[in-house]
Amino acid sequence: MSTVLALAGEVTTGEAATFYILAPIALIGAIGMVWARNAVHSALFLVLTMLSLGVFYILQAGPFIGMVQIIVYTGAIMMLFLFVLMLIGRDASDSLIETLRGQRTVALLLGIGFAGLLCTGLGRAVGSMTSVGLDEANAAGNTQGIARDLFTKYVFAFEVTSALLITAAVGAMLLAHVEKVKAEKVTQLEMMRARFAPGNYPAPKPGPGVFAATNSVAAPGLLPDRTVAGRSLSALVPTRELTEAEAAPKGTEK
Amino acid sequence: MIMIALLVVSALGALAAFLPAQFARFVSTGLAALAFGLSLAMYATGAGFWHEYDKPWVPGLNLRFHLGVDGISWPLIVLTTLLTLLCCGYSLWKTPDSRLIGLLLAMQTGIVGAFLALDLVLFFVFFEVILLPMYAVIAGWGGPAKRAAARKFVLYTLFGSMLLLLGVYLVVDQTGSADLAAPKGTATMAAFVFLALGFAVKAPLWPLHTWLPDAHSEAPTVGSVMLAGVLLKLGTYGLIRVAIPVAPEAAAKAAPVLGGLAVAAILIGGLVCLAQTELKRLIAYSSVGHMGFVLLGIATMSATGLQAALIGNLAHGLITGLLFFLVGAIKDRTHTGELSQLGGLRDSSPWLAGILGFAALASLGLPGLAGFWGEAFAVIAAAQRGWWLGAALAAVGGALAAAYLLRMLRKVTHGSSPPRLTGPAGYELAAWVPLAVLTIAVGLAPLLITDVTGPAVDALVEAIQR
Amino acid sequence: MTFKLPAIDYLALAPMLVLFGAACAGVLVDALVPREWRYHVQVPLSLVALLASGGFVVALANRKEHVVTAGSAVVIDGPGLFLQGSIVVLGIVALFLVAERRLEPGGAFVAQAAVVAGSEADRKQMRKPGVTEVYPMMLFALAGMMLFCSANDLLTMFVALEVFSLPLYLLCALARRRRLLSQEAAVKYFLLGAFASAFFLYGVAMIYGYAGKVDFRGINEAVLGSSNSKTLLLIGLAMLAIGLLFKVAAVPFHVWTPDVYQGAPTPITAFMAACTKVAAFGGLLRVLYVAFERSSWDFRPTLGVIAAATMIVGAVLAVTQTDIKRLLAYSSVANAGYLLTGTLSMNRDGLKYTMFYLVAYGFTVLAAFAIVMLVRDSDGEATHLARWAGLGRRSPVFASLFTFLMLAFAGIPLTSGFTAKFGVFAAAVGGNMTWLVIIGVLSSMILAFPYLRVVVLMWLSVPGDDTPTVSVPGAFTAAALFVGVAMTLVLGVAPNQALELVNDAGAFLR
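Going down the list, the sequences are from chains A, B and C.
Counting from 1, one number per residue, gives the positions in the first sequence under the numbering used here.
Counting from 1, one number per residue, gives the positions in the second sequence under the numbering used here.
Counting from 1, one number per residue, gives the positions in the third sequence under the numbering used here.
There may be inaccurate statements among the hints.
Said to hold, decoys possible - If we take Cβ atoms under 8 Å as the criterion, some of the chain B residues that face chain C in the derived model are: (1) V58; (2) G60; (3) L61; (4) V129; (5) L132; (6) A139; (7) G140; (8) V154; (9) F159; (10) L165; (11) L166; (12) L170; (13) V172; (14) D173; (15) L448.
For the record, the hints were derived by calculation from the structure and aren't laboratory data.
Heads up, the beta-carbon is just placed ideally off N, CA and C, and yes, glycines get one too.
All chains, full assembly: derive it from the sequences and hints.
Below you can see the structure in the form of structure tokens.
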């Protein structure tokens with residue numbers, strides 16, 4: 001039964017070797033996930049980290065959680081995530097402008113400092129003492145132990161987690177779902193009718209006019225009599241009238 | 001019951017400000033008069049508490065509704081209700097604003113409550129209640145720099161009351177009781193220091209006095225009168241009633257320091273007064289000096305000294321109250337308080353010059369007027385205690401008071417003659433006359449006061465030395 | 001292998017179960033009931049659920065039997081019941097604020113949160129009724145808070161922490177006006193909250209490594225008897241403390257507070273300020289008093305420094321604020337410091353008065369935010385302080401009420417603020433934390449200033465053209481305001497009943 005379960009406080013050569021191979025990979029994955037500009041790359045890096053962690057769990061006497069990590073997190077959730085990214089499109093990248101000057105440097109320094117603090121503390125703790133509780137938890141086998149805890153000691157917490165899931169589902173719907181009212185849905189036929197209805201202008205809107213000195217969308221299109229073509233003005237772009245100097249021939253007309 | 005009636009009447013007077021403006025101020029003033037009557041009716045004789053009322057309020061916080069009046073607190077209560085009544089009457093015509101009168105009565109509720117309280121926590125509660133009405137009076141009806149002055153006042157006073165609060169915590173923690181009627185007297189030095197500092201800010205004792213001149217010079221006349229006449233007394237009363245009885249041993253150790261600071265206050269107050277150019281600031285600084293004498297009396301912790309402190313308290317309340325009323329009258333008429341711009345009051349308004357001269361003489365401690373007894377006996381008590389140097393320096397300070405007050409009189413009354421000023425209005429006389437009469441009465445017959453306070457002070461001194 | 005389900009005392013869990021059930025029912029209501037009916041179903045449903053939950057709490061308190069149930073995951077003891085009861089009562093008052101729809105057509109919540117802020121569709125939905133999912137979310141949060149106060153092991157506590165945090169993150173994002181601010185607040189709160197949860201969880205792991213157990217009694221025994229090196233314990237405790245101190249908004253884990261308080265819809269801000277504070281301190285009290293009491297020598301100095309920093313930073317930064325919601329946020333930070341002072345006294349009085357303080361502060365802050373909701377112009381709530389100038393002349397009644405609340409915050413006698421502060425400071429003096437009391441007293445002096453400034457601004461400034469009006473409150477807000485102000489007065493003048501209640505609650509069950 002407990003062939004894969006390591007004994008607490010004892011590190012075999014194989015375990016050490018695997019750790020030293022996988023730990024840097026996990027770390028690279030984590031850093032790469034934050035570093036990558038492309039969302040798909042980020043997700044793949046995360047998969048890498050999660051897989052390594054899954055192996056760690058199995059090595060360290062937690063086969064159940066290791067399997068769950070690989071099957072559920074890496075296999076299901078991350079793949080679903082990738083699916084969504086691919087479907088929605090992966091062009092969007094974050095804006096990298098610092099709104100607070102020097103924030104990144106400070107964050108980096110503080111982060112390194114904190115990590116150092118934590119590592120030295122943990123290093124001392126791990127070096128000088130053994131932690132307890134593993135043998136007891138794994139006494140009747142790892143998976144069985146988890147099952148026992150979930151359905152006896154922590155049955156209430158386990159049930160309450162459902163509240164968390166409901167909240168998450170409702171929240172996702174609240175923040176992401178736009179409800180379309182039936183009356184607002186417009187059919188193709190109605191759009192056509194509206195296009196050719198009296199008072200509407202069915203043809204494309206005029207671009208910058210024949211006599212315009214620029215092809216910027218901000219410049220209004222001019223009619224042959226040099227008056228502004230009203231339809232060429234966008235409601236969104238502020239109109240820019242050219243100054244004399246800008247409109248003057250620039251010596252390229254020859 | 002009469003004590004509760006007094007508090008309720010005062011509080012009702014404050015609430016009456018919410019009545020329709022037509023008669024609100026008259027109702028409030030009427031209630032102020034009733035309160036004055038009630039405070040007079042509390043009079044009795046003897047060493048113990050004349051009236052006492054004790055009921056638990058919030059047992060969890062050691063808060064008992066424990067009130068009592070004896071020879072130490074009664075004169076101050078009467079002084080409070082009297083000055084409030086005079087201020088209300090004065091405001092009735094001067095600034096007919098029911099809110100101001102309501103605030104005055106709210107202040108009276110707090111002050112009388114603090115004088116009556118025989119429970120440390122209850123004392124603190126009333127002590128805090130006073131802060132806001134006074135702040136509102138300065139900030140609402142004060143001079144041009146009222147906001148800054150009000151802020152400074154609040155900052156200092158809050159600071160003081162927070163120290164006081166710390167002292168209260170320590171006393172309750174150390175002695176397990178917040179009783180002031182028969183304090184255990186086992187509190188430590190730390191508790192005494194916090195309490196004494198808290199009261200020193202209020203009194204104010206040099207070097208914690210810097211809020212006083214600003215608050216005085218910006219406050220409206222009635223605000224200054226209440227501030228100088230009553231509020232400052234809370235500090236000295238607190239020392240006598242609270243700080244010394246709860247920690248007599250610590251107080252005895254700290255007494256020389258307190259005495260030294262008091263002498264410093266007397267001298268520095270006098271010297272600073274010589275350099276003042278503004279009438280209200282001058283009187284404010286003179287308060288620092290006068291309160292120095294009171295504190296010196298307290299610091300001796302002898303029967304003579306405490307008697308001197310109590311009578312000095314009372315005299316200062318009467319005289320400085322009168323002085324601030326007079327300065328208010330001068331400023332109303334000339335629209336300035338600068339000594340350089342005043343002058344010739346003797347010609348322009350002989351009656352005002354005369355009564356100002358009277359008040360100034362009383363203030364500088366002329367024998368036969370109220371100011372003399374407190375200061376003279378404080379010096380004597382210091383000498384009896386063996387503080388010869390302190391006594392001598394305090395006496396020099398008394399001479400300084402003569403110097404600056406006479407300088408002030410010369411600048412204000414003599415000099416080029418401005419146009420004639422209007423005569424005293426009825427409401428002004430109504431405010432001045434009682435104070436002047438009492439000043440003379442206390443000056444001629446100090447026994448009026450010492451007979452009342454004597455037994456209580458003797459009992460207190462006995463309790464301290466036990 | 002076989003195991004059987006532990007005995008579960010359903011009556012003991014009833015206060016929470018009722019809320020969980022009602023929340024699920026609320027989700028169903030949102031799915032099945034026509035849109036125009038939802039509000040009219042959700043509000044009574046939530047109210048009835050809360051009243052029923054409160055009824056069960058009272059019944060349990062009368063049973064006077066302290067139980068550990070559900071496989072020792074939940075403990076129902078005196079302080080736990082008191083905290084649960086206060087969460088329910090404060091939750092009812094907060095529900096009143098959330099349910100208010102008179103002040104603004106459709107209420108304080110957006111109709112569809114997914115619509116892009118500022119778009120044409122957003123303008124169109126301006127007058128549509130707000131989402132009704134807020135009610136089940138609120139019930140979930142309240143149930144989570146109640147569990148958080150009565151969890152008996154760190155794991156249950158962690159689940160409860162998540163259960164009450166997640167709805168709050170969501171609720172923050174649902175403001176009807178200034179939606180970008182609201183969404184930013186939600187994202188900030190969520191990210192930082194996630195970090196704090198991670199710290200908490202890591203701390204649980206460390207503690208498990210030290211004690212081999214995560215239930216409080218087991219940890220206590222381990223601290224008492226273990227010969228292990230304490231390093232793991234201390235690291236674990238520090239991590240746990242970070243997670244908890246984030247929720248109570250203690251310095252330096254407070255940076256989210258002003259942004260979230262400002263951005264969130266005001267009823268939710270009030271809800272967080274009152275109920276989250278109770279829950280977070282309830283949890284902190286239980287962890288420190290039950291599990292780690294024996295190592296109080298280790299954490300008292302550190303947490304004392306944090307409490308001192310919280311009081312000072314909160315007070316000083318409150319002085320510089322120009323927005324009333326941010327001001328109240330920083331005041332809430334400073335109040336967390338006072339509560340920490342009470343907590344750290346580590347004696348019976350400390351527990352008592354900290355719980356009293358939580359209730360007193362909760363009512364006052366709810367009433368204060370109720371008034372913030374009322375002061376509005378055409379753009380919604382006018383929260384900039386400059387706009388409040390001269391409000392006293394425009395509407396003396398509300399300005400008076402707000403003045404009273406400010407005085408309560410400043411701890412002036414005859415308000416609940418004084419009673420509460422006096423209590424925690426006295427307890428701390430009794431617990432030999434006098435230095436902390438000195439700092440607390442000084443900081444409360446500083447803190448009095450912003451409050452006084454608001455009061456002065458309202459009464460002594462001349463109202464300008466852009467001084468907003470105070471809307472007539474609907475029945476719900478009026479009720480919340482009345483309850484808040486009345487309790488502030490009652491707990492200040494006659495706190496005996498409440499003090500007896502906390503006294504009878506006794507100590508935590510170990």
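Hint check results:
1. V58: holds (6 Å)
2. G60: Where the cut-off is 8 Å and the nearest Cβ of chain C is about 4 Å from G60/B, the hint holds.
3. L61: holds (6 Å)
4. V129: OK, holds: V129/B within 8 Å of chain C, min 6 Å.
5. L132: At 7 Å from the nearest chain C Cβ, L132/B passes the 8 Å test, so the hint holds.
6. A139: holds (6 Å)
7. G140: Holds. Min distance 6 Å.
8. V154: holds (6 Å)
9. F159: With a minimum Cβ separation of about 6 Å from chain C (threshold 8 Å), the hint on F159/B holds.
10. L165: holds (6 Å)
11. L166: holds (6 Å)
12. L170: holds (7 Å)
13. V172: holds (7 Å)
14. D173: holds (5 Å)
15. L448: violated (35 Å)
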